[in-house]
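Here is what each chain is made of, one letter per residue.
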Amino acid sequence: MTIYDDEILGKAYDGRLVRRLLGFVWPYKWSLTGAIGLMVGSALMELIPPFLIRTAIDGPIATGDIDGIWPIFLLYAATLLASFGFRYAQTYVMQAMSQRIIIDIRMAIFRHIQKMSLKFFDHNPVGRLLTRITNDVDALNEFITQGTVALLGDLVRLFFIIVTMLILSWQLALVSFIMFPVVIISTIIFQKIMRATYREMRQRLARINAYLNEQITGVLVTQLFGREGRSRQFFTEISSDYLKSQFKSNNTFAVFFPTVHLTSVSATALLLLLGGQLVLNDVTSIGLLVAFTLYTEQAFGPIRQLAERYNTLQSAMASSERIFRVLDTSEDIADPAAPKQLPTPVRGAIVFDNVIFGYNPSEPVLKGVSFTIPAGQAVAVVGASGAGKTSLVSLMARFYEIQQGSIRLDGVDIREITQHDLRKHVGAVPQDPTCFSGSIAQNIRLHDDTITDERIRWAADISGASSFIHKLPGQFAYEVRERGSNLSVGQRQLLSFARAMAFNPEVLLILDEATSSVDTETEAVMQQAVQRLLKGRTSIVIAHRLSTIRYVDRILVLHRGLLVEDGTHDELLALNGYYARLYTLQYAEQLGGSAAEN
Amino acid sequence: MNQLRALWPYVVRYRWRFVIGLLCTLIATGFAIQVPQVLRWIVDEINTKGIVWSDLQWAVLLMLGIAVIDGIFRFFQRVLILGSAHQVEGDIREAMFQKLLILDQKFYGDHHTGDLMTRVTNDISAIRQFVGPGVSSLVSAVLMITGASILMMTTNVTLAIIVLLLLPAVTVLFILVGARMRAIFRRVQDLFGEVSTRAQENFSGIRTIKAYTQEEPETVEFLRVNERFRAQNVRYVLLSGLLWPTISLVLGSIGALVLLIGGQQVAAGQMTVGDLVLFNGYLAALGWPVVALGWTVDLYQQAVSASSRLAEVLQRQPLIRDADHGAIDHDVQGQITFDNVGIQVGSAPDQRWILRNVTFSVGIGQTVAIVGATGGGKTTLVNLLSRVQDPSEGRVLVDGHDVRSLTLSSLRQGIGYVPQDTFLFSVPVRENVTFGRPDATDDDIDQALLISRLSNDIVQLPTGIDTLVGERGVTLSGGQKQRTAIARAVLRNPAILVLDDALSSVDTHTAAQILDGLKRFRKGRTAIIIAQRIATVRDADLIVLLHDGAVAEQGTHEQLVAHGGMYAAMYQREQLADAVDNA
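If you read the protein sequences in the order shown, they are chains H and C.
Numbering-wise (my numbering), the first sequence opens with residue 1 and increments by one.
Numbering-wise (my numbering), the second sequence opens with residue 1001 and increments by one.
Here chain C stands alone, though its shape is the one from the complex (with noise of 0.2 Å):
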């Protein structure tokens, strides 16, 4: 139970449940052992004929009665035991999603989303089949053995000791072919994400392949693939439907044993009838507990791997958080200086920097471009504003608090932020733009609409701003999600802008309106715009041109086109290209 520690104190708030639903197993167990013991008693006096209508009535009824209680027990142990693994698994849930919600970017970078969404899923089903199923049935299993032993060894020791000795194979039995099962199992599945890979790799790269006619060829290859995990999957078949055939031969080799020796028992006289009908019952009551120890012991398994990765989430501290003391919530103004700012990535031999001596500062309400080569690491310095990543030297202030020294929530509420890769969630168009804004009132709205130019192409879907975005309603175009994009951090009202290249996928006309939007909307605003464009942003009040990590030029655009430097080469042949299109 050591490696389920982690998950206990999910387990816990519901012991009474649990304690209630095990005394229930345990009396519907004791009732349940009492059925063979009836019907030995009909048994024997029907063989004798020492019995009459009415009492044969009674002993029926008793035998019925003894059922129903067994029943209605067993009714409550499930809802108790099973419906509170399912609120444990419903509680573990909640909580493997709340710390989702405040993980870093790191913790994202580092694991898949399939991989989190197994752990969320499967994994947390692990835990509810042990904690629930697995608990019931091994309880229910335990009592049921010792129960029937006792009963059985008043009845006939000799029997009793040969049904007792052989059973345990049963447990063995699964547990052995189980594992080894499992291990053929896992090779299955690779060898199934074989063929799924290569049918995946096949329709992707489907023009290089019918380009270079290799659809034959690559036909004969997923029919080997193909071929691979048949074996392997017959190779499985082998073993697994060995299991079941196995445990029934067992069991009916007990069950043969004991008609001979018991038959032969009856037959000197030794036992009756009934007696053999007794050890009928409860060895066929206890062909399911027997299996079901081992079944325990597979769930336990899978239960404690499951919860390891679950405690490596839920244990997990977030990287970028509040400080733990004196943390201070602040009205954002707008003033920015980055001070010094360095950003290293990799560890120890392969350490660089991504970022270094990053410095300069942005006055309230003024406007600063970030312009440079992709790879330059521009989205990383804009991000230390919002604290998607800290800093790993020096700092970055808003209105001369360190960002670190603020809280998350009163920080990024003064940020607006649209970022290069444009998330939308798939909820209705006005869910999406109210997204930092919930209780924006639809004039708020139309505005933000207005200014990102979204107002005509809202018109023109389905059902407006009320059609659903993404797989499930319809696909935007890339431009009319940034645009969303644009609408969704206007409305917030930030002190802060941040476009990072939010206008990529935007023609240049539309690009032009929305910029002549924003300029107004600006005003009195401070915003930092990351821009592939020079044209989008030479107005800006301070333009930054980063270079390999490090600021290569800062000042305004004229100052800068007259250094006559990098920054001018690349203004240079902006114009040229946009000759180029415009011809």
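Pulled out of the complex, with its shape left as it was, chain H reads as follows (with noise of 0.2 Å):
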């Protein structure tokens, strides 16, 4: 999971990387720049109250002016507004920019991968692609935000404060930087452990969620072998094992704070007594001293975050790192540079010349299968699993590559055209029905919207699917929840079919119809279904069920990767081989179904 991915940590900053993450910022050159400017604006305003304190004890203060603090006191509540100002925008803008950067990655992997095959589907699994969309991109934020900005809003703060300091007077100054070192030391020291001590806990945490999901999800297995008591003592020991490291973390953070409150308070002292030694000698005045005190705490600040930013950077690194990895993956199926057009209107002719493909190139499913089936013929393709059925069928939809030879829709090289042109006359109704959350209309149209809601009626009422949506609450406007979890499987194929109709291609694939766990009645409206969409189009079937095959006009017969009979099915039963011993078994499955039933 995202934990474990977690935990691959590189370098905070390869300049390969930043420079192509760069250009996604590039666009927004001028909100960067706004913001960089609005961050020097507030950089410079806190520089304004310590002097202004200065200017105060010094001048009204010292010489008993009471009215003289006035203008002032007025100055410093416009520099606080200005502050205010310039902080809140600087928030504002470099957020809304960020989060448009933000949309621009994400809609750049999301693209990608909608221009990937299903190949990369298959060895992608959906919740990596998911970590790379939310967690990693969430991590680039991070580094626009605190990478780039804020990481040079330290660096300019503390070259203001220093340049102030040593304008005003270098010996203060002087007396104020020899703290900085400490500071330095000591907050590389603490991130240095708080960086170990964080990665040990993530681990454990990460082994306590691990265990505890998979304890969660298996508890019934616990309990019937028995094995809670040894479950329970494996927690304890996860458990403290991170209590400990919680500990070691609390402990960090026990020494660091007060030695943080220690250094600063170590710095005062120093101003007081080096600074007080200036100021008995009248080389500097008390209001200055007073000042230092105020900039020598504000230049801790920035020292500290310095070293924070390492660990940001670190990891957005490392997601970035793995975002370009699937940004770079290049389509394995692509267009053609200049696509060749279907001749008008597509009537879908299909041939299919020595094909031979497999999912791994040197085992192939399909060893050099050649036939024609010409437009309006509707096909089945029978054979038993692993023979290379669904296969054959995918790739008519170009959803995987062949490996040779080639097939011809209208006598246009699939390949040649482009794979929304194909896909728009070729339909193909998945083996897994998919819904999608959202209405029925909706999972009827997708995202089509000249079909039109009597085509969807008409759709619905053709492929059978009517019947079971004019029974839902609301019928078309019914919505179905994520995955059709509010379905069963049985209507989740009449809707997967009622689209189909919908789309109306010229060349319809119907991947499987076999569906184990629909009811007998539901198995029945599907079959006529079948037949409806079949009717005087193109079609592909693969049928599990040879009752489909009485509505075909020929049968395809294929035998571990090869087309072993092919005709109409008398022509078959005629050539008594494989198809014939197929139907025979057919036939008299249905003889003993109607002699269980009388």
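Hint data in this document are derived by calculation from the structure and do not stem from the laboratory.
Possibly wrong hints are sitting among the right ones.
What the hints assert, rightly or not - Derived pair list, reagent style DMTMM-like, types lysine to aspartate or glutamate, alpha-carbon separation capped at 20 Å: (1) H/248 to H/200; (2) C/1106 to H/228; (3) C/1099 to H/228; (4) H/29 to H/142; (5) C/1099 to H/237; (6) H/424 to C/1216.
Each chain sits in its own coordinate frame; assemble them with the hints.
What follows is the structure in structure tokens.
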């Protein structure tokens, strides 16, 4: 899970990655410039209050000029307001920008993934892709907000404070700087310890979460096998491991925070001691001394934060590495540079010419298959599981790329037209009937608004889906839940038939009509639906149930990746081969079935 | 505190550490509020030039000394209070886990894994946040504010009143803006959930999307959801970006007022520059405490809602548990009787029976097969035996005892169960196999692997039987998983063996071998076998055909075939299908 991915941490700065990331930032260069400008403004404003305090103490207060404090107060108030404005505006501009950049990156990943062939999805589980598009993109958000502007902001602030101090009094400035190394070193040491501790904590927490998740999922097995005691014991172990690293972290903080406080008190103390001496010798004024205690304190902030940014950068680099890996995966099925057009109107004649294909090229599933389907013919593909039926149909929709041979639609090699063009005319009803969250109507028309409500109703009628849709509350407006979890498998199958009808492609592929989890009544409805779908249309159906073959014009029999028989039902029966045996059994089964009912 | 009472026992055991920790807070604060006093003295002495170098040294050393003592007590404060809070968190986590281990399937049906995970992680962490940092900074803040107020009042009443009247604004601001921020943030999270759901739906439905060339409109839709998320996020930033600058503005304004009024008083000779520095010092010291007060309110609210979610689990009584009085420890022999068993599901208006009037008996050493269509209640029925669930009516008897009168541990000890959905743990194969009998010898293990036909597969795994299973190890095939589960059950050496469709992913040839091995193993043991295929169970002593939750037919294979009913039809169909596959 993501928790583990998190652990792959590399360097905090990788020029190559940063340049590519900056490519996403570039379109917003003016926002970025604005954010930086505002940040400089707010850094400048922070310098003013201590200076005003010094002016007040050394000026009107020292001279007893009561009214003389007013202008200083007003300036002070104005500075505060300006500082507020700068800070707020900067946060807003920067966040608004980073949110846009984030969407750009997320959309770039999404678009790229959309172009990938099914092979890519076979190799990348949904969870992993989801992590890329959510968590990893979030880490980049951190990079943009923390890594660019904020990092720059810390440096600018520090620079301004140091310059101001040097200008106001180089002697006091040097006294202030004495504590800087202490702050830097203590922060670096602390960050180093904490980085290791945090990683340990994350790993141990991930372990708890993984174990917990597994134990909750498999709790019944634990209970039935009487292993509660040992599970408890193990959980106590990993829980106390985590507790130990929590203690370690807590103790580190317990030392660090007082140390931080002590360094700033020490800085003040040093200023009072050495700077006090300067005041006593009239080298400098008491007001300036007070101002310097404030400046010194102000300088500590950016120094400490700079060390923290390291962690953010490190995880951002790891995330961008993973994201770019996805973006760099080349499309294995690309549209041709100069795509051909299918002749209009599309008729739907199909030619498979010596097609060789394997999901893994060294293990071919189809070993040289050739056949021709004239326009309008309905064909069934039969054969045992593993014979290559699903592959054959997937190839027609170009879900995968063949290794040898060619597949032609109306005489045009399907690799020479765009995938969009191909699939507009070649409709596939996938094996696993997919549903999306949204209404029934949306599930039928998907995003195609040219499909009218009437057409949806017609498609539902033809496919036999109407009968169940009419029983749903709200009918076509009924909200289907994610993955169609509130519909049965049979209903989902009918819905996917309706979808196919609504799109009305010239060539129809039905990847699999076998659904073991469907009751007999629905099964009968689906059989009829298939029959209507095939009528007068070039279609290839994978027939698990031999009853389907009664509606087709022709049957292709696949066996171990080869086309072994091809012909009409009668021809194949007369051949008395592989198909004949299948059919005889089917016929006998029906006899058996009706005998049981009697 | 009322709502947190359920978790009080977990806190109270560390009460002394909390008390001592809070005492440390008191001492540390007592010292911390002295620093501005010393500062004032030094500044005034320097300003009036009435100090000599050695006195200045002593004064500065005093200041450092105070800071050191403050630091030491802060260290103990943190170690004691926050450390104990971690302890409390750990204790609740373990208590939650113990409870989760004994809760029944009804509970797990009502709660998603994700929801339970959130409780054991985020909710417990919310409790820790309140008990630790929350309590600690609340006490610190109260002490600091009180102490500083008194010392400011003794220095300059007017200025002190101005500071103390304005400071609460920060707390109020934090609470008000914080609450609003949380509300908006929840919506941001919801929208983020939508973004993630859309992506997930797209990726898992990619075949359909590609088949209907919906990539473009899907992209447009995804962009739209993202834009909505962004708009809400910007709304959040508009508010959250306001919080800290506003707090700085308020604190800064108080500082400016102190400079104005205090400065005028110094100019008029009613106050010293040191006093002014002192006020600035206290103002700086009070910045965090006033924010912390608001923060604590926030933590408290989160802890309250977290604790109610935790209490719901901690106080839940498992439905399936040992009888309160006199549960018997019984050495299971294997005689089973289902006596007019029925199971009702759903609540009042939609109640229906999914099993009704089921009665049959199995003698010791006999094999009973349960067949029937999917959804006929087969799994539910065998689940009653090991009390995964209790019947709504009727009784399940083992060796003449109602299973509810036996201790769960002794009952389950006698049953080896191979569930329909194989669940293996992400541990080595060996641990999975010995799951029900950790002390098994290598010979026993080999024997179990032989029966389940896993031996050959194991040889091919990277590190043999010690190969890690699961996401971080090897992914076993469905058949391998099922066979591991069979080995796991066999190794337990149970009096009763339950196989719930346990060979569905195993190829026919291997299945036959396993059945053959099991036949010998089953000698003297009672077996309940749920099967999709009749061929697997035709030689069972009793075959029970479940249909729509009732026993439609029962008898031996020969009897049922002769009967010519539903079973006979099923059998015929199966034979024909086999012939098709083997053709």
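Hint check:
1. H/248 to H/200: holds (10 Å)
2. C/1106 to H/228: holds (18 Å)
3. C/1099 to H/228: Holds. Residue 1099 of chain C to residue 228 of chain H sits at ~10 Å (cutoff 20 Å).
4. H/29 to H/142: Distance ~18 Å between residue 29 of chain H and residue 142 of chain H Cα, so the pair holds.
5. C/1099 to H/237: holds (17 Å)
6. H/424 to C/1216: holds (13 Å)
Every hint, counting from the list given before, is met by this structure.
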